[in-house]
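Chemist: Protein chains in written order, with the numbering used here: chain F, 159 to 592; chain W, 159 to 592.
Rather than coming from a laboratory, the hints here were simulated on the basis of the structure. Fair warning: this is a prediction, and the values are worked out from it, not measured in the lab. Accuracy of the hints is not assured; some may be wrong.
So the derived label-pair ranges between C-beta atoms look like this [as the list claims (entries may be wrong)]: (1) Glu217/F - Arg539/W: 32 to 38 angstroms; (2) Glu326/F - Asp175/W: 39 to 45 angstroms; (3) Glu217/F - Asp526/W: 16 to 22 angstroms; (4) Thr169/F - Gly327/W: 25 to 31 angstroms; (5) Asp487/F - Glu261/W: 37 to 43 angstroms; (6) Glu217/W - Ser162/F: 36 to 42 angstroms; (7) Asp245/F - Glu386/W: 53 to 59 angstroms; (8) Glu387/F - Thr453/W: 56 to 62 angstroms.
Glycine residues also receive a C-beta, built at the ideal position from the N, C-alpha and C atoms.
Chain by chain, the residues run as shown.
2 protein chains.
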Amino acid sequence: MRLSRYFLPVTKETPADAQIVSHKLMLRAGLVRQTAAGIYAWLPLGLRVLRKIEQVVREEQNKAGAVEMLMPTVQSADLWRQSGRYDAYGPEMLRFTDRHEREMLFGPTNEEMITAIFRDAVKSYRDLPRTLYHIQWKFRDEVRPRFGVMRGREFLMKDAYSFDLDEEGLKRSYEAMFVAYLRTFARLGLQAVPVRAPTGPIGGTLSHEFHILADTGESALFYDAAIEEVSREELLGADASTIARLTGLYAMEEEEHAKVAECPVSADRLRTRRGIEVGHIFAFGTKYSASMGMTVQTSDGGQVHPQMGSYGVGVSRLMGAIIEASHDDAGIIWPESVAPFRVGLINMRADDCNVTSAADEVYAKLSDAGVDALYDDRDERGGAKFATMDVIGLPWQLIVGPKGLEKGVVELKQRATGERQELSIESALARLSA
Amino acid sequence: MRLSRYFLPVTKETPADAQIVSHKLMLRAGLVRQTAAGIYAWLPLGLRVLRKIEQVVREEQNKAGAVEMLMPTVQSADLWRQSGRYDAYGPEMLRFTDRHEREMLFGPTNEEMITAIFRDAVKSYRDLPRTLYHIQWKFRDEVRPRFGVMRGREFLMKDAYSFDLDEEGLKRSYEAMFVAYLRTFARLGLQAVPVRAPTGPIGGTLSHEFHILADTGESALFYDAAIEEVSREELLGADASTIARLTGLYAMEEEEHAKVAECPVSADRLRTRRGIEVGHIFAFGTKYSASMGMTVQTSDGGQVHPQMGSYGVGVSRLMGAIIEASHDDAGIIWPESVAPFRVGLINMRADDCNVTSAADEVYAKLSDAGVDALYDDRDERGGAKFATMDVIGLPWQLIVGPKGLEKGVVELKQRATGERQELSIESALARLSA
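With the rest of the complex left out, here is chain F (with noise of 0.2 angstroms):
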């Protein structure tokens, strides 16, 4: 993508309401701008990050055996009336009546709808187990909405639900989203926590939250630091011994663990640490197939309510919890597997015809080789894109110009760690391509 045909707002300043460094970056970076308290817009840049993410997500889900469809943001009041939520579920529930006055609501959660759908289309115990998710913009109206993307009020989520026949079966539906999970936030470079966590109004028996660890996180988590010891292979290729592993170990929000009498964990070996939500998953058993009437007929010609659990990840929220832990003073650092462009190519003297067809014979090669590449093309200072480059955190910057090409050089520089390096064109393709 040429710089010149995009749209990539970045700026200097920011509101000062922007209090997080994720806050202040996505929007130094152009990658959302707020249209209303704790919405936003997805701008060009941003958008390719949130697609991005939302692919790992999906992919860790289709392995795990999930099976994707979309439901609808807006959903009828009758469907939470038959669960009895409708009145239990506070303010933040967005509420509003259509033009022939029938109470609506833009859902926050799927429970309700999913198990109706399930239950008007499966009779039978040859259709379970299954697990359905989709990913879809919610809305949930927080009082207080901050720290951008992170607590926000049109979110994007990915929510499952898993339909089994007895407990035997929910337990090994929550362990395959259990080890979903940890896959995904391995993959997007994340060290996620999963804590134990209180059930609360979704009810039910079983339930973990899954802890992004950062100073800025809402949460505060104290937990065994063995913990920190899995490494990230060990989390890219978890399965049930992973978690038999993980939830041995003592973790708990901060209001659950003053309540242990005595912590397992000896002090030295106890961390306290900040945390960000952006999973959590709920075994709750019977307890929507029962308030709404779902029944499948067992093998034996019996009738049973299935068993539910419900699998939630934060998808849009996973941008800022990235940011969080991966940044620097110049900017974002964006890990590879979610990186909008893989390279930002730089043209230090669009002036120059020589500087601008060399560069555009290396863009040309970058996107043949199947590279993203974001080409800063315009007629601009040289430092300007260096910081926009900086701010931006693609993971590698080509920098192509005069002084370089009188060498036949190119410099190629790794935004993680600042090393630079000169190259032939050859030599950086090569690297690229790999």
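With the hints as your guide, set chain W onto chain F.
Modeler: Structure of chain W alone, referenced to chain F:
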């Protein structure tokens, strides 16, 4: 995908309010389920088609130089007060207040929001021309939603917005979108008739609607038969000359046609058919840039209000239009470009381990070759499997049964023609991988 692990609730009966064939078939084929009046959940098979349509639309937008972003669904009423449209827009706009009593709405379109974003980011002629688009869910509170996703309330729309320095530039941006639309509809296997349209509430000077010919269309069209003679190949390679050719031919909606004193087309060349509106493009000049105070500096230091256009495609409605245009008594016939899977693989005897192991092997080889296949591995009667495959309309059916295997063959059926052929497994795989 193995059907035994998928979620494909096909049905025989459809509700009485499903009057048109696409609505009936979308329900029967398990593509969607209604969750409230005019609001649908996209089941896994339907979502796959929706994403493929979306991708064709996206690719043609990108080819036309438009840049993708994503605006939120919820908008502030204040934005619409800036343009003066808040009070003008009727009861189709879904309005509500948030918990702080701020007036909000579910966006039916995005002229105001994109104008505000562009206004706040762009100050110089050097950043123009630019066309931005997004593909996002919209809500229009139809008084009587009907025809399934064709006139639903929550629907997926691609809307693009162009910004130019002068009218000449706007004309170029308009033509680039006109070309993108012709190509998009041709790639989707649809014959689209561009109709000169009155500009209506969006305002402006130039507008065209794109209609798909179908007996169940809501519009009555009068047009020169020569429009039907433009070949698919010409539309796939459309350019400015194609536009000149098409817009030089008479085409009007009934209401406008009635106003024409003397129709320029002779009676034997005048076609009257019904059409489904799937696209609408507008050049409206400075309507929003002036009312919302957007100016950019020109190269000679002056200030101008950019010339704007907006360009919509009904992405979810297109699914209905494609089915209206491509089905038979047995079900849907998907064009290859949007088929949810390319091949339906049928195991005729899931209770026979020889047949099953042969079918499993074919499925594995299709997967290895990157051919999307839906594998009916369920223990059901062959007749039910054929009926399911016919109604869901995958382009090819590959049938593995005991009699064929004795002869060393499988059966390949083309859904569109009904043609069946016995082939060796290798030949069938080679045909499908082509």
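Chemist: None of the hints should be skipped; say for each whether it holds.
Modeler: Hints, one by one, checked against the model:
no.: 1; hint: Glu217/F - Arg539/W: 32 to 38 angstroms; result: holds (35 angstroms)
no.: 2; hint: Glu326/F - Asp175/W: 39 to 45 angstroms; result: holds (42 angstroms)
no.: 3; hint: Glu217/F - Asp526/W: 16 to 22 angstroms; result: holds (18 angstroms)
no.: 4; hint: Thr169/F - Gly327/W: 25 to 31 angstroms; result: holds (26 angstroms)
no.: 5; hint: Asp487/F - Glu261/W: 37 to 43 angstroms; result: holds (41 angstroms)
no.: 6; hint: Glu217/W - Ser162/F: 36 to 42 angstroms; result: violated (22 angstroms)
no.: 7; hint: Asp245/F - Glu386/W: 53 to 59 angstroms; result: holds (58 angstroms)
no.: 8; hint: Glu387/F - Thr453/W: 56 to 62 angstroms; result: holds (58 angstroms)
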